Each structure stands twice: as C-alpha cells, then as structure tokens.
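**Student:** Numbering (the UniProt record's numbering), first residue to last: 1 to 261.
The hints are simulated quantities; they were obtained by calculation from the structure and are not laboratory data.
Small disclaimer: the values here were computed from a predicted structure and weren't measured.
The list that follows gives simulated cross-link-like pairs (lysine to aspartate or glutamate, DMTMM-like), each with its CA atoms no further than 25 Å apart:
{"hint": "1", "residue 1": "K128", "residue 2": "E67"}
{"hint": "2", "residue 1": "K137", "residue 2": "E168"}
{"hint": "3", "residue 1": "K137", "residue 2": "E67"}
{"hint": "4", "residue 1": "K175", "residue 2": "D129"}
{"hint": "5", "residue 1": "K128", "residue 2": "E168"}
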Amino acid sequence: MNTSKHSWVLITGASSGLGEEFARQYAAQGHALVLVARRLERLQAIAETLRREYRIEVVVEQVDLAEITAITQLHQRLQQRGIAIDILINNAGHGLQGPFVSSALEATLGMVQLDIAGLTAITHLFAKDMQARGHGKILLVASLLAYQGVQNFAVYAAAKAYVLRLGEALHRELKRDGVTITTLCPGMTDTGFAAAAQQKLTPALKLLMMQPAPVVRAGIRALQAGRISVVPGLPNKGLVILTWATPRWLHQAFLSHAMNG
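Using the sequences plus the hints, can you model the full thing?
**Tutor:** If you want it as structure tokens, here you go:
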C-alpha cells in the first residue's frame, strides 16, 4: 500500500544521474512523481519503469529549465491539473571545466542561466505555494565546489556557491512557515556529469568518486530531518573541514591539484 500516493515530488534533471536516482528512491517510498528534463524519450522510459515496479503515478514534463517562461508554464500546467508539489528536488544543473577566458561565452552564460536563474525561478514559484499551504520541502543540489573557487571551474564553483548561500538564507526565511530548505553538496559522483562537463578525471577524483544511491539517500535523510545542508561521504566532509581550518591559498591549491591534476 502506497501511503504517500497523494504526496507529489517534483524532480528536475530527472532523465539521468542523481535525478534518476532521486526518482527511484522516492518511488520506492510510494510518492507520486513529476519528472522534469529536456530528454522526453528518456523520461518516458524511466516513468514507465517506475510505474510498473512501484505502482505509482508519474507525470512526465519535457522542459528546458534554462527558459524562465517554460518554468512558469510548467507551474501553471501543474496548477491546472490540481497537482500540489510537496517536495521539490532542484537537481538540474550543468557544469564546464576549462580556463575562463578560453571558454565559449555562450556556453558559460548558458550554465549560469540554468544553474542560477532557472533554479531561482522554480524555487520561487513552488516555495511560494508551499508557504501558502504551510508545509513543503525543497532540496537544492549544489556541489562540494560551493565552498571555494577552483581553477578551471570558476563559473561553476561560483554558481554552486550561489545555490548554497541561497539555500542557507531560505532555510531560515521559510522555516517559520513550515517549509524546509536543505542544500545537498555532493563531491565527485559517478553520474556521467564529468563527461558532459568535459571534465578530466584525475586519480584523486577517482578515489573520491561516490555512487549516486548513497548521495541521494544522504540528501533525502537530511531533507526529512530538516537540516540546513549536508555533505555526503566522509572524505568530502574532510575536505570541507580542510577548507574551514586552513588558509585560503593552501586549500585552493590542494583542490585545484585534485580537480585538474
């Protein structure tokens, strides 16, 4: 019996990686799902599998989350269908590795549009609904790189720092209204993200690599517990402690070597 069948979870970037794993873990809990991404065929295949395995309701929405108008239209469509989102997993994001000046400006600004503007827009729309209802949960997916600027990841690290600081502020703003905001800061995870970002996998990164399932479990547990943020994995937690405990020049040099070789 699915006790959560009337509780809707919206997951962005649900066609692969962490988003797909969030969909699977919430489906296993019996939640109804709204899966959002650009790749329609992939979304439909995932939705069909989850319907068959867990007997839940799954709505598929093909949306380019870099387009603010498309986000507002998604919100309107769900309202028209009477679907109230109880949990929002803000997972969609894009990364690029390379020298800032050598990177194509269009690609760089596209990453900013998705990772910052799109995330802000969808968070605003659904947080406002949750505030009006007096309950809801939002998970923002940032990155371990949110804690410091890293050579050849300048804009990505800055974008994820924005996500982390936004989440920390909203956690306090909305807590009194019954809305939980938690930020997940994963390190290197085996999701295919590195290939999409044209990222070099150094020996250090291979050692730190986590699988999606424990990262997602950590995020869901932290969100359920009402935590402000979470860094999954002991080595990743150690890197955050290193950031706090050492001079900026030292930990930035260390992370730059780990990320770039």
